[in-house]
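Relying on the hints, combine the two individually framed chains into one complex.
From first to last, the protein sequence lines stand for chains B and Z.
Heads up, the first sequence is in the numbering used here, so the first residue is 1 and it goes up one at a time.
Heads up, the second sequence is in the numbering used here, so the first residue is 1 and it goes up one at a time.
You can trust all of the hints, since none of them are fake.
According to the in silico footprint, chain B covers these stretches of chain Z (three or more CB under 8 Å from chain B): (1) 42-56; (2) 106-117.
Each pair of labels, with its calculated beta carbon distance range: (3) 46/B to 9/Z: 15 to 21 Å; (4) 111/B to 59/Z: 30 to 36 Å; (5) 22/B to 16/Z: 40 to 46 Å; (6) 55/B to 41/Z: 27 to 33 Å; (7) 46/B to 42/Z: 18 to 24 Å; (8) 60/Z to 106/B: 14 to 20 Å.
Please keep in mind that the hints were generated in silico from the structure rather than gathered at the bench.
Beta carbons are placed, not taken as given, at the ideal position from N, Cα and C, and that holds for glycine.
Letter by letter, the chains look like this.
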Amino acid sequence: AQSVSQHNHHVILSEAASLELGCNYSYGGTVNLFWYVQYPGQHLQLLLKYFSGDPLVKGIKGFEAEFIKSKFSFNLRKPSVQWSDTAEYFCAVNAGSNTGKLIFGQGTTLQVKP
Amino acid sequence: GAVVSQHPSWVICKSGTSVKIECRSLDFQATTMFWYRQFPKQSLMLMATSNEGSKATYEQGVEKDKFLINHASLTLSTLTVTSAHPEDSSFYICSARDFRGLRGNTIYFGEGSWLTVV
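Next comes chain Z alone, as it looks inside the complex (with noise of 0.2 Å):
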C-alpha cells in the first residue's frame, strides 16, 4: 500500500485564491521531504526540500512567497500555493525518504495533486 499520501488528489480553484496540498508519510518520519511539480507531456522538476522544523530550500527559479511550504511535523509536509493563476496549473507530487528499516533508503512518492485553476 502506499507510505506516502497526498490531498487532495484534484483541486479546481478560482484565480487569485491559494489552496493547500498535503504530503503525509503514513508509517515514517520523514524530515525531509521533497516537492515536484509535472507539467504534461514533460519531466518531474524539483521544486523545493521541505526540512522538518525548519525552512525549505527552494530550486532556482521558484518564488518562495508563491510557494509556501511548511512542514511542521514529522509526518508532514504541507505545500500552498498562494494567490494562484492559470499557470500554476499543474499535477503536484511529493516525496520522501525513508532512511529505516527494510526498505533500505527506499524514495517514495505520493499519488500527486492535480491543480486547476480556472
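Isolated chain B (complex conformation) (with noise of 0.2 Å):
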C-alpha cells in the first residue's frame, strides 16, 4: 500500500531562516506529489503539486518543491520564512494515476517566531 512519511513533525524557526520539510512515499509507478498548507482556524490550500515535468516545482507565496524519483523524495523549500507562514504543512500522494484520491503524510507544524 501506498505511504507517504514526514520526518519533522515540528519545526520551529526564526524568521529569515530557510526551510526544508522532508518527504518521502512508498510507491512504484507514476506519482503524482502534493504539497498542503492549513493555517490556523483555516482549510487546506494547496501550495505547489507535481504531475510530470521539471522536478523542480515553485508553488505559491515562495515555496518550492523537488521530486528526486531516486530517493522517493518530494520535499518542501523555502529560502526564508516569515511569521506567516506558521501553519501545518501536509504532503501527499495521489493514489494512483488519474484519481484525486490522496494518502496523506502526518503534518509538520511549522512555527516561525518573529
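Now the structure itself:
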C-alpha cells in the first residue's frame, strides 16, 4: 500500500531562516505529489503540485519542492520564512494515477518566531 | 474564491442523532468527490470515494452504515453521520478534482466541517 512519511513533526524557526520539510513516499509507479498548507482555523490550501516535467516545482508564497525519483522524495523548501508561514504542512501522494484520491503524510507543524 | 464549498462549517448534535454535511463543487462538475476525516493534531484520513450515480467506495475500517454518502448530482455529495457518538466528533473535509479547464487537474478541498457530538 502507498504511504507518505514526513520526518519533521514540529519545526521551530526564526524569521528569515531557511526551511526544508522532508517528505518520502512509497510507491513504485507514476505518482502525483502535492504539498498542502493549513493555516490556523482555515481549510487546506494547495501550495504546489508535481505531475510531470521539471522536477523542481515552484508554488505560491515563495515555496518550492523538488521531486527526486531515485529517493522517493518530494521535499518542500523556502529560502526565507516569515511569521505568516506558521501553519501545518501536509505532503500527499495521489493513490493511483488519474484519481483524486490522496494519501497524506502525518503533517508538520511549522512555528516561525518573529 | 472557493471552488468547493462545505456546509455547515460547524455543527453540534446530540448523541444518537444524525447529521448531514454537504459538499458542493461551485463551478465545475465533479463525478468523483472524496471525504476525509481529521482528528486534532493528526493528518487527514481518507474515508470514502463518492461516485456520482453509484455507491460510494469506503476505505478499510470505515463503517458504511454509519457514514452514509450520497452523490446525487455532479456538483453535490453529502455525508450523513448516523447515530452519532462523541467519538465521531472530528473535522470532516471533502475534496473534488477538476479535470477540465485551466486549473489543470487540480484537487480542491472544501473548508471543512467541525462536528461535535455531545
